[in-house]
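Chemist: Chains A and B supply the protein sequences, listed in that same order.
Numbering follows the working numbering, in which position 280 of the first sequence is assigned residue number 293; successive positions increment by one, without gaps.
Numbering follows the working numbering, in which position 296 of the second sequence is assigned residue number 309; successive positions increment by one, without gaps.
Bear in mind the hints are in silico, worked out from the structure with no lab data behind them.
It is possible that some hints are incorrect.
Since the list gives no way to pick one copy over another, a pair counts as held whenever it fits inside one copy or between any two copies.
[As the list claims (entries may be wrong)] Pairs of lysine to aspartate or glutamate, EDC-like flavour, derived with a Cα cap of 20 angstroms:
#1 Lys20 to Asp374
#2 Lys29 to Glu18
#3 Lys33 to Glu18
Because the structure is a prediction, the values reported are computed rather than measured.
Protein chains: 2
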Amino acid sequence: MLNFEFKNPTKIIFGKGQIKNLSNEIPKDAKILMLYGGGSIKKNGIYEQVINALEGFQFIEFAGIPANPEYEVLLKALKIIKDENITYLLAVGGGSVIDGTKFLSSAALFSGENPWDILVNNIKTEKGMPFGTVLTIPATGSEMNSGAVITRAETQEKFGMGGPGLFPQFSILDPEVIKSLPQRQLANGITDAFTHVLEQYMTYPAQAYLQDRFSESIMQTLIEIAPRILKNPADYEAASNFMWSCTMALNGLIQKGVPTDWAVHAIGHELTALFGIDHARTLAIIAPSHYRYNLESKKDKLAQYGKRVWGINEGSTEEIAKLAISKTEEFFHSMEIKTTLSEYTTDYKGTAQKISSRFTDRGWAGLGENKNLKPSDVEKIVEMSY
Amino acid sequence: MLNFEFKNPTKIIFGKGQIKNLSNEIPKDAKILMLYGGGSIKKNGIYEQVINALEGFQFIEFAGIPANPEYEVLLKALKIIKDENITYLLAVGGGSVIDGTKFLSSAALFSGENPWDILVNNIKTEKGMPFGTVLTIPATGSEMNSGAVITRAETQEKFGMGGPGLFPQFSILDPEVIKSLPQRQLANGITDAFTHVLEQYMTYPAQAYLQDRFSESIMQTLIEIAPRILKNPADYEAASNFMWSCTMALNGLIQKGVPTDWAVHAIGHELTALFGIDHARTLAIIAPSHYRYNLESKKDKLAQYGKRVWGINEGSTEEIAKLAISKTEEFFHSMEIKTTLSEYTTDYKGTAQKISSRFTDRGWAGLGENKNLKPSDVEKIVEMSY
Chain A
14 MLNFEFKNPT KIIFGKGQIK NLSNEIPKDA KILMLYGGGS IKKNGIYEQV
64 INALEGFQFI EFAGIPANPE YEVLLKALKI IKDENITYLL AVGGGSVIDG
114 TKFLSSAALF SGENPWDILV NNIKTEKGMP FGTVLTIPAT GSEMNSGAVI
164 TRAETQEKFG MGGPGLFPQF SILDPEVIKS LPQRQLANGI TDAFTHVLEQ
214 YMTYPAQAYL QDRFSESIMQ TLIEIAPRIL KNPADYEAAS NFMWSCTMAL
264 NGLIQKGVPT DWAVHAIGHE LTALFGIDHA RTLAIIAPSH YRYNLESKKD
314 KLAQYGKRVW GINEGSTEEI AKLAISKTEE FFHSMEIKTT LSEYTTDYKG
364 TAQKISSRFT DRGWAGLGEN KNLKPSDVEK IVEMSY
Chain B
14 MLNFEFKNPT KIIFGKGQIK NLSNEIPKDA KILMLYGGGS IKKNGIYEQV
64 INALEGFQFI EFAGIPANPE YEVLLKALKI IKDENITYLL AVGGGSVIDG
114 TKFLSSAALF SGENPWDILV NNIKTEKGMP FGTVLTIPAT GSEMNSGAVI
164 TRAETQEKFG MGGPGLFPQF SILDPEVIKS LPQRQLANGI TDAFTHVLEQ
214 YMTYPAQAYL QDRFSESIMQ TLIEIAPRIL KNPADYEAAS NFMWSCTMAL
264 NGLIQKGVPT DWAVHAIGHE LTALFGIDHA RTLAIIAPSH YRYNLESKKD
314 KLAQYGKRVW GINEGSTEEI AKLAISKTEE FFHSMEIKTT LSEYTTDYKG
364 TAQKISSRFT DRGWAGLGEN KNLKPSDVEK IVEMSY
């Protein structure tokens with residue numbers, strides 16, 4: 014096990030009917046900016062529950078934060094925060110709204126001149142404006158971590174940001190929100206969380222037996238609930254396990270003491286930037302090729318995963334490893350998640366070279382748990398994903 | 014899954030050579046009371062590491078906190094805290110030292126006249142004096158939770174206490190401390206952590222699939238590392254998994270969203286109070302009888318545990334449940350932990366009746382996950398443990 018530090022101060026308020034309790038979490042004298050997305054919360058009753066809970070508070074609404082939260086849109090919210098002397102942010106939405114709110118939390122207290130520097134210079138946020146969240150789409154885990162990904166549409170780029178100042182003060186997770194989600198978002202959420210676990214697990218054995226088992230536990234649970242959720246999103250038992258699994262998949266716990274990869278995300282982000290493919294689906298395109306390309310360095314963990322998560326008991330380490338990759342693809346397919354780029358766009362030729370060049374231009378230091386994947390390796394992985 | 018709230022703000026600093034980093038965690042202007050036990054830290058080098066890390070800080074030492082931290086001893090430390098205007102507490106020890114420090118954290122800021130009231134009136138601590146810990150014995154999980162158990166020798170009683178103000182600000186977990194521990198403490202630690210998981214798991218199915226798997230993960234890991242640790246406590250890989258498993262067994266996570274039992278602890282505490290039997294060993298005495306006595310209400314979870322943790326694949330639910338209890342006993346025996354009261358004392362007759370009467374006298378509301386175990390049930394369980 015590697016040395017590590019772990020601290021996660023976010024308060025989770027989980028379960029049916031919990032949205033009303035947000036009024037206990039926000040200071041009474043706060044001036045709140047409530048942020049949300051495209052308005053689906055007005056159709057599923059969550060908007061009304063939040064507005065009711067905010068009775069007696071001073072608040073302003075900011076709607077229209079898009080999927081893959083855009084820098085230009087966030088700047089408009091930042092202006093309101095400054096003009097209206099906002100003191101507290103409330104994100105009501107999925108990962109995009111929460112990530113956008115994290116950028117605003119940082120930018121609101123940023124002492125520099127241009128908030129763009131937070132992203133482009135990768136400035137760690139030690140203190141942000143306090144914020145809470147009401148989660149409406151289980152997927153990214155942003156509700157219980159201190160990271161965010163922000164998009165700049167103008168340059169087709171995605172930037173990661175974060176820091177200890179960006180944990181939500183509280184997050185309300187009511188699994189009943191799941192019943193109103195479309196199949197596409199449910200499948201995306203399961204795929205996103207599953208791949209989050211893979212990124213923190215599918216490396217090389219580090220004798221972190223407990224972390225490995227926790228990761229396997231999350232994957233087993235996602236596999237167990239996936240068909241139930243897709244068949245009936247109102248199945249509360251499945252929904253609650255889905256929601257909690259997504260949070261635990263990326264709240265920092267399972268990555269402590271182990272090497273992590275994140276190459277699938279790094280490459281996947283480029284596919285979203287270039288083609289607008291849903292984030293989760295880009296992961297399902299890249300992950301299988303990434304694991305096949307790096308079979309030699311990852312085969313021991315792939316085989317452990319094959320045995321423990323998929324119950325594959327026969328074959329050599331390499332055979333079990335390969336079969337485990339196929340099982341993963343089948344799992345994605347079972348949720349109608351396609352796993353090759355050509356199924357999403359006809360314009361895929363040259364993508365591998367383009368992504369590889371972008372990595373080269375940025376002076377990328379090396380991807381993967383061993384930091385030894387070069388842009389030329391990325392090119393081959395993307396080609397294998399066509 | 015049941016509704017829940019979860020917040021655990023303790024910062025964990027885990028790994029080899031981490032003790033020196035405690036100097037980054039304590040305010041430079043703090044006036045520290047460093048608390049420890051019987052002096053074993055002076056033999057294994059931890060005392061020296063802590064003293065070196067405290068260079069430049071103002072601190073006083075308080076040695077001699079005994080196992081099952083005694084109220085009378087703690088009052089002496091409380092006097093020093095007040096007389097010397099202490100502002101920060103540093104516990105260097107196992108669960109007893111940390112629990113004692115939690116009582117002091119609470120008592121130091123207690124506004125009432127008599128700190129005894131905190132225990133006897135079960136007063137929840139919202140704000141305590143800040144404290145950190147350097148863990149020297151993995152077992153109780155006290156390093157990452159907000160609860161404590163305090164003993165009053167005079168009346169042979171143990172009292173639980175806690176509250177959100179009693180999370181350590183930081184805890185340093187260096188698995189290298191394990192190599193100096195005697196076999197007895199190693200076996201106790203594994204047994205204690207294992208039973209902590211059982212108390213939060215061995216109830217009835219609550220469709221909390223992820224929490225169940227996390228609990229099973231901890232138990233599987235403890236079973237995996239137990240023989241290695243007992244054979245060679247310097248086995249760092251086993252030691253690090255042992256230490257992290259103990260912490261995760263009782264940091265609040267696995268009990269969220271599920272019913273919990275804790276009858277084994279309630280009864281076990283009485284055996285420590287009456288006979289001075291090590292805490293962990295009292296749990297090993299009571300747990301098997303408790304599960305046999307309550308087989309009907311617990312058999313579904315016992316069978317799940319039997320299948321997933323012990324790999325028992327054949328038999329009816331009841332047969333697997335019973336075999337799982339035997340496997341648990343065998344596990345304790347494999348660590349030289351005896352599981353009947355008569356193996357610890359010849360003076361055991363009448364114990365069942367005595368404990369049952371003590372529960373009756375306290376007006377106990379009912380034990381177990383269904384709160385339906387009466388003192389007469391406790392009497393039978395203890396009798397089965399002779």
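Chemist: Please go over all the hints and tell whether each is borne out by the structure.
Modeler: Evaluation of the provided hints:
Taking the shortest Cα distances, Lys20 and Asp374 never come within 20 angstroms of each other, neither inside one copy (35 angstroms) nor across copies (42 angstroms). Only between protomers do Lys29 and Glu18 lie at most 20 angstroms apart by alpha-carbon distance; the minimum there is 12 angstroms, versus 33 angstroms within a single protomer. For the identical chains of this complex, Lys33 and Glu18 are inter-copy neighbours only, at 14 angstroms across copies versus 34 angstroms inside a copy, given an alpha-carbon limit of 20 angstroms.
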